[in-house]
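Novice: Build out the structure end to end from the sequences listed, making use of the hints.
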Amino acid sequence: MWRLWAPDGGCVGLQPYPEVPAADEEVMHVGRRVYVSNLAWRTSWQDLKDTFREVGNVVYSNVIKDEAGRSKGWGIVEFETPEEALEAINKLNGTELAGRTILVREDREDRDVKQYNAENGITPPARPPREPRAPRAGRGRGRGPRPADAEAEQGEEVNQSSGLQIVVNGLPWAWTWKELKDLMAGAGGNIVRADVVYGRDGRSRGYGTVRYETAEEAQAAIEHFNGSELEGRTLSVRLDKYA
Numbered sequence: 094m095w096r097l098w099a100p101d102g103g104c105v106g107l108q109p110y111p112e113v114p115a116a117d118e119e120v121m122h123v124g125r126r127v128y129v130s131n132l133a134w135r136t137s138w139q140d141l142k143d144t145f146r147e148v149g150n151v152v153y154s155n156v157i158k159d160e161a162g163r164s165k166g167w168g169i170v171e172f173e174t175p176e177e178a179l180e181a182i183n184k185l186n187g188t189e190l191a192g193r194t195i196l197v198r199e200d201r202e203d204r205d206v207k208q209y210n211a212e213n214g215i216t217p218p219a220r221p222p223r224e225p226r227a228p229r230a231g232r233g234r235g236r237g238p239r240p241a242d243a244e245a246e247q248g249e250e251v252n253q254s255s256g257l258q259i260v261v262n263g264l265p266w267a268w269t270w271k272e273l274k275d276l277m278a279g280a281g282g283n284i285v286r287a288d289v290v291y292g293r294d295g296r297s298r299g300y301g302t303v304r305y306e307t308a309e310e311a312q313a314a315i316e317h318f319n320g321s322e323l324e325g326r327t328l329s330v331r332l333d334k335y336a
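Under our numbering, the first residue of the sequence shown carries the number 94, and numbering increases by one thereafter.
One thing to keep in mind: the hints can contain errors.
For each label pair, taking beta carbons as the anchor points, the in silico distance ranges come out as [stated by the list, open to error]: (1) ASP275 to ARG198: 28 to 38 Å; (2) GLY187 to SER321: 26 to 36 Å; (3) ARG326 to ARG193: 30 to 40 Å.
Since the hints were derived computationally from the structure, they do not count as laboratory data.
Just so it is clear, CB atoms sit at the ideal spot from N, CA and C, and this is done for glycine as well.
Specialist: What follows is the structure, given as structure tokens:
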């Protein structure tokens with residue numbers, strides 16, 4: 094059996110596991126966060142929240158993106174209690190979301206769990222190697238998958254940018270999408286969406302993306318903010334080549 098414990102020391106449940114001698118019993122401490130992998134590329138933080146709120150009160154959800162603003166295929170969901178996180182693992186692991194079978198487990202980077210493990214000399218179970226993911230098909234505008242020799246034939250990478258989205262680097266660590274949106278509104282234009290990118294620990298990585306209704310508005314924001322200073326940091330604003 095796996096015996097699952099909350100960081101405060103209370104046992105929150107048992108999960109089936111191959112029988113082993115009592116001396117070798119595995120102990121897994123579960124915090125309030127769960128790690129969700131094998132997400133479809135189009136799955137958003139809102140999709141995660143809507144799915145996981147079925148088993149508990151979701152206080153935070155995020156799909157992790159790379160520097161180009163593309164999903165990395167995994168995310169984090171935080172609940173109010175460890176019991177709700179355990180319920181999510183038991184009920185949603187192996188279920189389908191947006192056509193893909195998702196994997197749900199305890200978040201080994203959860204701050205509460207890491208602190209408990211450090212104080213009690215506990216080494217978490219080794220993480221299994223990730224399976225490689227299939228290459229993504231081309232984005233929108235009728236594009237299909239690129240031929241393997243496309244770059245060699247054309248001499249350069251095909252630009253897949255819509256011209257509507259920009260990447261903003263150099264944001265203050267405490268900023269959220271709201272501050273980013275308010276800042277970029279200073280250049281005028283209609284902002285469709287603003288996002289700040291977070292790491293697995295839930296902390297900002299210091300950059301985000303902003304999407305406009307027109308390419309002209311996106312270009313105006315680049316010209317207005319690129320190279321400007323914000324709270325002692327220099328902003329780097331460029332066109333998102335992949336969105």
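Novice: For every hint, state whether the structure bears it out.
Specialist: Now the hints, each set against the structure:
Hint check: ASP275 to ARG198, Cβ distance near 36 Å, so the stated range 28 to 38 Å holds. Checked against the given bound of 26 to 36 Å, the beta carbons of GLY187 and SER321, roughly 48 Å apart, lie outside it. For the hinted restraint 30 to 40 Å between ARG326 and ARG193, the CB-CB distance of approximately 37 Å keeps it satisfied.
In this structure, the one hint that does not hold is number 2.
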